[in-house]
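Asker: Hey, can you work out the whole structure from these sequences and the hints?
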Amino acid sequence: MNPVIRHVTAADLDRCYAIETLAYEGDEAATREKIATRIATWPDGFIVAEVDGAVAGFVNSGAAFEVQMSDEAFKELIGHDPAGPNVVIMSVVVHPDYQGQGLAKRLMTAFIERMRGLGKVTIHLMCKERHIPLYAGFGFAYIKPSESDHGGMAWHEMILTL
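Residue numbers for the sequence shown follow the UniProt record's numbering, so the first one is 1 and each next one is one higher.
Derived by calculation from the structure, the hints in this document are not laboratory data.
Note that this is a predicted model, so its numbers are computed, not measured.
Note that beta-carbon positions come from the ideal geometry of N, C-alpha and C, so glycine has one too.
Each hint should be verified, as a subset may be incorrect.
Straight line, CA to CA, 30 Å or less: simulated BS3-like cross-link-like pairs of lysine-lysine [said to hold, decoys possible]:
#, residue 1, residue 2
1, K75, K144
2, K105, K75
3, K75, K120
With beta-carbon atoms standing in for the labels, derived distance ranges [stated by the list, open to error]:
#, residue 1, residue 2, range
4, D52, E147, 38 to 44 Å
5, R6, I132, 17 to 23 Å
6, E147, E113, 28 to 34 Å
Answerer: Written out as structure tokens, the structure is:
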């Protein structure tokens, strides 16, 4: 597998939505409208991995001057400011057919480098407990259990200082 990591385009919307709904449980998946908003609002914070001409996974985010991880409105990029020094990842997702092949690692590595290139200072994310070691491997530090109950699930907040 030799993925191409690139910025998202509007043409990727339906494939990204399909992957999001396949890979996330229940209500935790973003709606098609939220993904469309993320693509249109901050394509610099949305990268995809393309394998054999098809999107196989992606990372999307927003930027802000102040981060409140439990703010559900931010998932629609309300409060997003591209000049903000802090990045909030909203999705790191790989199509089930491509999971376990290192694609998430390639996406995260490319995403972190792109955010460094944009002069960002921190990257924040929420993850399930089982993913804490994955993100720790990229240098993310554990902050705390999140106040968010997005999708009816327990989340944990992490931060990477760039």
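Asker: Take the hints in turn and mark each one as holding or not.
Answerer: Right, here's what the structure says about each hint:
1. A hinted pair counts as satisfied when its Cα atoms are at most 30 Å apart, and K75 with K144 qualifies at roughly 20 Å.
2. For the hint linking K105 to K75, the alpha-carbon distance of about 23 Å falls within 30 Å, and the restraint holds.
3. With a CA separation close to 19 Å, the supplied pair K75 and K120 stays within the 30 Å bound.
4. Restraint check, D52 to E147: a C-beta distance of roughly 41 Å satisfies the suggested window 38 to 44 Å.
5. Distance hint for R6 and I132: a CB-CB separation of about 29 Å, inconsistent with the stated range 17 to 23 Å.
6. The hinted range of 28 to 34 Å is satisfied by E147 and E113, whose Cβ atoms lie roughly 30 Å apart.
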